[in-house]
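Protein chains: 2
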Amino acid sequence: MSIPVGSGGTGDGNRHAGDGPDPRRLSLNTATVKLRWNLAQMIEGCARHGIRGIAPWRDKLAELGVAEAARRIRAADLTVTGLCRGGMFPAADAAGRRAAVEDTLRAVDDAASLGAQCLVLVVGGVPAGSKDLAGARAQVRDGIAAVLPHARAAGVPLAIEPLHPMYAADRACVNTLAQALDLCDALDPGGAGGVARTAVDGAPWASASALGVAVDAYHVWWDPMLDAQIERAGPARLHAFHVCDWLVPTRDLLEDRGMMGDGVIDLRGLRRKVEAAGFRGLHECEIFSSRDWWQRDPDEVLGVMKARHAAHC
Amino acid sequence: MSIPVGSGGTGDGNRHAGDGPDPRRLSLNTATVKLRWNLAQMIEGCARHGIRGIAPWRDKLAELGVAEAARRIRAADLTVTGLCRGGMFPAADAAGRRAAVEDTLRAVDDAASLGAQCLVLVVGGVPAGSKDLAGARAQVRDGIAAVLPHARAAGVPLAIEPLHPMYAADRACVNTLAQALDLCDALDPGGAGGVARTAVDGAPWASASALGVAVDAYHVWWDPMLDAQIERAGPARLHAFHVCDWLVPTRDLLEDRGMMGDGVIDLRGLRRKVEAAGFRGLHECEIFSSRDWWQRDPDEVLGVMKARHAAHC
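Protein chains in written order, with my numbering: chain Y, -12 to 300; chain G, -12 to 300.
Calculated from the structure, these hints are not laboratory results. By construction, the Cβ of each residue, glycine as well, lies at the ideal position given by its N, Cα and C atoms. Don't take each hint at face value.
As the list claims (entries may be wrong) - Label-pair distances were calculated between CB atoms; the ranges are:
1) Y/241 / G/34: 29 to 35 angstroms
2) Y/142 / G/236: 35 to 41 angstroms
3) Y/221 / G/92: 44 to 50 angstroms
4) G/235 / Y/50: 28 to 34 angstroms
5) Y/6 / G/238: 55 to 61 angstroms
6) Y/132 / G/263: 54 to 60 angstroms
7) Y/6 / G/117: 16 to 22 angstroms
Unchecked claim - Computed footprint of chain Y on chain G, listed as stretches where at least three residues anywhere in the stretch have a Cβ under 8 angstroms from a Cβ of chain Y:
8) 38 to 50
9) 141 to 154
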């Protein structure tokens, strides 16, 4: 089966054909090469390898400075598929919760400066010492609600990233796509009036609603409700698509993600589902791998990443 | 708030009062002390500590022999809250799938010999080398369907245990209570005509449907749909309730579970929910802990387990 990602019509020079992904849709999440490169090197690396997108983390962004990073990213003609990250809303006291909101407001500004397609929200877990998961989830809802008006005004779509349930305690208590979309529907009903965006091949792409989701294969691949929820998200709420693989065995809860093809996730099937649901953005490769990929020469990592994207996504 | 677990009425000498759990409802899953004790020692340990229930794993059962184990468990007047485990249905070929079914049929017989309240099914993950999660799930459904008639005839309720999504690849591709209950509804519609059972305090308890679920706090605590699904399960499909705790940080995917009270799970809230939904069985403590609890003197472990059950469940 072939799902064309171009705008259709014969003789379209930009049209991508075949089973595999459009190679122009690969994006580098900077976490993948975070140990050995700074952001300037990552931008140069993407240009050198013909990678068209980048998703910086804020620590790398702060090192280089937002204005300088924006200048270099524009000069390299890279699409910023997302800024990682805002969120971490739950806290033991009101001051902590305010600080998280303020930090996320600053992240919105940074994302706007970069022209990022979204600000990824890793929403935070249960505050230390608490067993109140429902309370933490309510704090997440309040935190997003507090940030949303500024994000909307700044033209920065917020992307709630449901994290794998193994991170519910300490990183994100939003753990399924259904739960993330319930938040979207509650805080941004209808999802209308969003931010215009263009696919890398010039194909039509629905505007981004102010609040949507980041679908990361690693976090959602196991979900029995996944297909229906991707369809439910639809073109306006699908803000980002992240790829890597689930290794067997997985030796560490945080830093043992696999390169595409090395694990059990049917990435091609998943990519087709998000594209069938209207996603026209890039496929962002985000790999936490302290023992393997982080130890390698980043030029090797980018080369393998390109080949695996073509073969498995 | 107090939820009485007795049969009600004033002057009932067996009635348990207060916020905490009825101490007679604690059961030892043999995994908790597996490194240092054999099954005979576990049975003696339960008697010595006034623990009223036990849930053997089959490796320990095989060492002692089923008939001898059954004799000793009866002599100690222990309730067998479950036999661990059948399942592991998906396989790369038909011979592998047949072997899993045959092994589970033998487990049904063992569970019957022990008078176990259920046979726990850990359903299995994705066969090695496969990326076909949906196919594995179909194989699970077929495997359970193949075992169910014999289990029904033997009077052994089957309990599908949804495992935490971090085990989807290699241990169980049934990962939420909703998914497990969908299987129950498909294979055992109505759930009627089940196995009679009596609560430890003599309170009325609904018959067990032939196919139900084991609710393990460790596996399900994060689930946004948990409350509704516990209610959906109801008295007839709630076959087992397992407790331990989710540690922060969790250092190993398999063998770093916490003792009740040491983690983030609101166990008292969860216990109340399953009891409000009609569960009248025991609270089975199952802790995989290669670095901590498995290294301790099992008599110490049982003492702490009793105290933590009273304080946190």
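Okay, the hints, checked on the actual structure:
Taken as a hint, the range 29 to 35 angstroms is violated for the pair residue 241 of chain Y and residue 34 of chain G, whose Cβ atoms sit roughly 43 angstroms apart. A hinted range of 35 to 41 angstroms for the beta carbons of residue 142 of chain Y and residue 236 of chain G is consistent with their spacing of about 38 angstroms. For the pair residue 221 of chain Y and residue 92 of chain G, the beta carbons lie near 46 angstroms from each other, so the given range of 44 to 50 angstroms is met. Our hint of 28 to 34 angstroms for residue 235 of chain G and residue 50 of chain Y holds, since their Cβ atoms are close to 29 angstroms apart.
For the pair residue 6 of chain Y and residue 238 of chain G, the beta carbons lie near 41 angstroms from each other, so the given range of 55 to 61 angstroms is not met. A beta carbon spacing of about 31 angstroms between residue 132 of chain Y and residue 263 of chain G contradicts the range 54 to 60 angstroms that was offered as a hint. At about 19 angstroms, the CB distance of residue 6 of chain Y to residue 117 of chain G agrees with the hint of 16 to 22 angstroms. Residues of the stretch 38 to 50 of chain G with a Cβ under 8 angstroms from some Cβ of chain Y number 0, which does not satisfy the need for three, so the listed coverage is violated.
Under a criterion of three residues with beta carbons nearer than 8 angstroms to beta carbons of chain Y, the stated coverage of the stretch 141 to 154 of chain G is upheld, 3 such residues being counted.
Hint check: violations occur at hints 1, 5, 6, 8; the rest are consistent with the structure.
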